[in-house]
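Enquirer: Kindly generate the complete structure, drawing on both the sequences and the hints.
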Amino acid sequence: MVSKKENKTSSVQQLIANSRNQKTKKIVEKAMPALLFSAALISILTTFGIVFTLIFETFEFFKRVSITDFLFGTQWLPFSGKEPLFGILPLIAGTLKVTLIAVVVAVPFGIASAIYLSEYASEKIRRTVKPILEVLAGVPTIVYGFFALTFVTPMLQQIIPGLKLFNALSPGIVVGIMILPMITSLSEDAMSSVPNSMREGALALGATKFEVAIKVVLPAALSGIVASVVLAISRAIGETMIVSLAGGSTPKFDLDVTDSIQTMTAYIVQVATGDAGYGTTIYYSIYSVGFTLFIFTLVMNLLAHYISKRFREVY
Amino acid sequence: MRYMDDTAVMKRMTKRITFNKVWKSFFFLATTFALVTLVILLYRIVTQGVDYLSIDFLTNFASRFADKAGIKAALIGSLWLMAVVAPVSIILGVGTAIYLEEYAKKNRLNDFIRMNISNLAGVPSIVFGLLGLTIFVRMLGLGKSVLAAGFTMSLLILPVIIVAAQEAIRAVPNEQREASYGMGATKWQTIVHVVLPAAIPGILTGSILAMSRAIGETAPLVVIGIPVILQFLPNGLLSQFTALPMQIYDWAKRPQEAFQYVAAAGILVLMTVLLLMNSIAIFIRNKFQKRY
Chain A
0 MVSKKENKTS
10 SVQQLIANSR
20 NQKTKKIVEK
30 AMPALLFSAA
40 LISILTTFGI
50 VFTLIFETFE
60 FFKRVSITDF
70 LFGTQWLPFS
80 GKEPLFGILP
90 LIAGTLKVTL
100 IAVVVAVPFG
110 IASAIYLSEY
120 ASEKIRRTVK
130 PILEVLAGVP
140 TIVYGFFALT
150 FVTPMLQQII
160 PGLKLFNALS
170 PGIVVGIMIL
180 PMITSLSEDA
190 MSSVPNSMRE
200 GALALGATKF
210 EVAIKVVLPA
220 ALSGIVASVV
230 LAISRAIGET
240 MIVSLAGGST
250 PKFDLDVTDS
260 IQTMTAYIVQ
270 VATGDAGYGT
280 TIYYSIYSVG
290 FTLFIFTLVM
300 NLLAHYISKR
310 FREVY
Chain B
0 MRYMDDTAVM
10 KRMTKRITFN
20 KVWKSFFFLA
30 TTFALVTLVI
40 LLYRIVTQGV
50 DYLSIDFLTN
60 FASRFADKAG
70 IKAALIGSLW
80 LMAVVAPVSI
90 ILGVGTAIYL
100 EEYAKKNRLN
110 DFIRMNISNL
120 AGVPSIVFGL
130 LGLTIFVRML
140 GLGKSVLAAG
150 FTMSLLILPV
160 IIVAAQEAIR
170 AVPNEQREAS
180 YGMGATKWQT
190 IVHVVLPAAI
200 PGILTGSILA
210 MSRAIGETAP
220 LVVIGIPVIL
230 QFLPNGLLSQ
240 FTALPMQIYD
250 WAKRPQEAFQ
260 YVAAAGILVL
270 MTVLLLMNSI
280 AIFIRNKFQK
290 RY
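Protein sequence lines correspond, in order, to chains A and B.
In case it helps, numbering that gives the first Met the number 0 puts the first sequence at residues 0 to 314.
In case it helps, numbering that gives the first Met the number 0 puts the second sequence at residues 0 to 291.
Hints in this document: simulated from the structure, not taken from any laboratory.
The beta carbon of each residue, even a glycine, is placed where N, CA and C say it ideally should be.
No false leads were mixed into what you were given.
Some chain B residues near chain A, calculated using beta-carbon distances under 10 Å:
1) Leu132
2) Leu157
3) Ile190
4) Glu216
5) Trp250
In silico EDC-like links for lysine to aspartate or glutamate, alpha-carbon gap of 20 Å or less:
6) A/Lys24 with B/Glu101
7) B/Lys14 with A/Glu210
8) B/Lys252 with A/Asp274
9) B/Lys23 with A/Glu122
10) B/Lys23 with A/Glu210
11) B/Lys104 with A/Glu28
12) B/Lys252 with B/Asp66
13) B/Lys186 with A/Glu28
14) B/Lys252 with A/Asp258
15) A/Lys163 with B/Glu256
16) B/Lys14 with B/Asp4
17) B/Lys20 with A/Glu210
Expert: What follows is the structure in structure tokens.
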């Protein structure tokens with residue numbers, strides 16, 4: 000075996016073959032980065048694909064419906080045969096109602112449990128609670144939707160007598176439960192990254208743990224916490240299955256949360272599951288609604304990015 | 000002369016300490032809220048669905064009658080969907096991650112790619128559905144097929160896989176790369192023989208978790224217009240299909256009460272699949288992941 004190996008390196012033919020190998024090696028070395036780069040380009044193409052489809056089809060929609068009617072109209076009646084009305088405000092109102100309720104549920108609970116996990120809990124408790132939060136975050140939204148429709152709504156109906164089967168309250172609460180793990184884990188990350196020396200300094204001055212949490216850790220981690228809330232809001236705005244199962248399909252421009260509503264996402268689902276043909280105004284309207292939704296979430300995501308970059312305290 | 004009023008200090012101290020205790024228990028209760036919700040949710044679904052769960056339920060096709068309804072087409076359809084999503088999203092995701100971590104220089108284009116990926120992660124899934132409907136279903140003419148839905152789902156979970164793979168690759172210490180270069184290996188050889196083997200557990204864990212997100216995702220499928228009542232199994236990538244969450248959605252919104260139980264049984268099947276996938280991911284993470 001050894002002698003064979005020696006032959007290998009000494010034979011001229013082998014040397015030529017080796018240099019040939021070197022050549023293919025060089026080609027691979029050159030080609031791979033280009034190939035991998037094209038994989039990276041797919042994600043950019045996806046963004047362009049999303050933006051351009053939304054823009055083109057929305058443009059088609061605005062050929063049929065005036066843009067001012069769309070932006071400022073307070074009635075969304077796309078299916079009323081003779082004179083359909085496409086004013087997006089009722090859909091935005093529905094989305095905002097659900098989002099607001101979700102935030103009211105998720106923010107206090109989320110931040111409180113983040114404080115508990117980062118400031119009070121022992122390592123053992125943290126190690127049990129965090130996986131459970133992960134499970135909660137991994138529950139498919141369709142399951143949450145089913146839960147809202149068959150459990151939360153009937154339960155709320157017993158507390159609030161006038162509550163309709165489809166309403167904004169029940170999906171709002173459940174969307175809040177859905178975004179809760181996100182706020183908790185992101186806020187906990189922000190609080191954990193506050194250096195311990197700051198806590199110890201405050202404790203040495205005689206502060207209680209609560210005072211340390213509220214007056215030292217919370218302000219220091221504020222940018223991360225706010226960013227987590229903004230990201231969670233963006234998630235709530237784009238949430239689809241919970242609101243289309245439990246929210247109903249009656250777009251209304253008011254502040255009533257006990258009655259049936261329709262969110263932007265639920266409208267898209269309603270049209271997609273209906274029988275509106277390709278090329279009709281209703282077909283194009285889902286793109287205009289999708290575009291509005293995209294802008295809402297994009298602004299929220301950029302805002303979260305900006306907050307966590309701009310206001311981060313560096314230690 | 001006394002500098003401190005002891006009684007006043009004690010009074011304030013007691014108040015502050017009680018405050019601390021009260022708030023501590025409030026924070027604790029807030030933490031249990033999430034746990035209690037999870038328990039109620041699971042309890043409700045198990046008690047509602049377990050009676051409908053049977054071998055027939057798994058082997059029957061969908062039906063208009065609740066007691067004959069089965070989940071076979073949806074279960075097999077979801078597997079078909081995964082058969083497209085897994086290779087497409089893992090190849091693209093890991094490729095992108097290798098590029099960003101090993102090759103990308105710090106310049107505007109690469110910053111833009113990174114920024115773009117984090118923004119894509121925040122785009123609502125229903126918008127991906129609109130993309131899939133326009134590009135894959137209509138423009139490329141794939142129809143409401145396994146392939147069209149698979150591509151859409153792949154793009155949806157791509158950012159998750161990229162981020163997970165990036166973290167796994169970043170965790171491989173530089174000494175290992177340098178040792179490999181020191182022995183005369185080229186960059187690509189180093190990536191294939193040193194970096195990737197070390198990063199594979201992390202990549203797999205992240206990919207399986209992303210896959211479990213794709214299997215439970217409903218909105219893009221609804222927008223693409225996947226049918227629900229199918230009496231046949233897909234026979235190819237261009238064949239029509241239905242998927243678990245889609246089937247559950249259809250059952251859940253039916254007015255007859257019996258279908259609520261069928262939906263719960265469907266959710267049980269879906270959750271079992273998810274549990275299985277998550278267990279595999281956690282197993283891989285605990286068993287193979289090295290810490291440097």
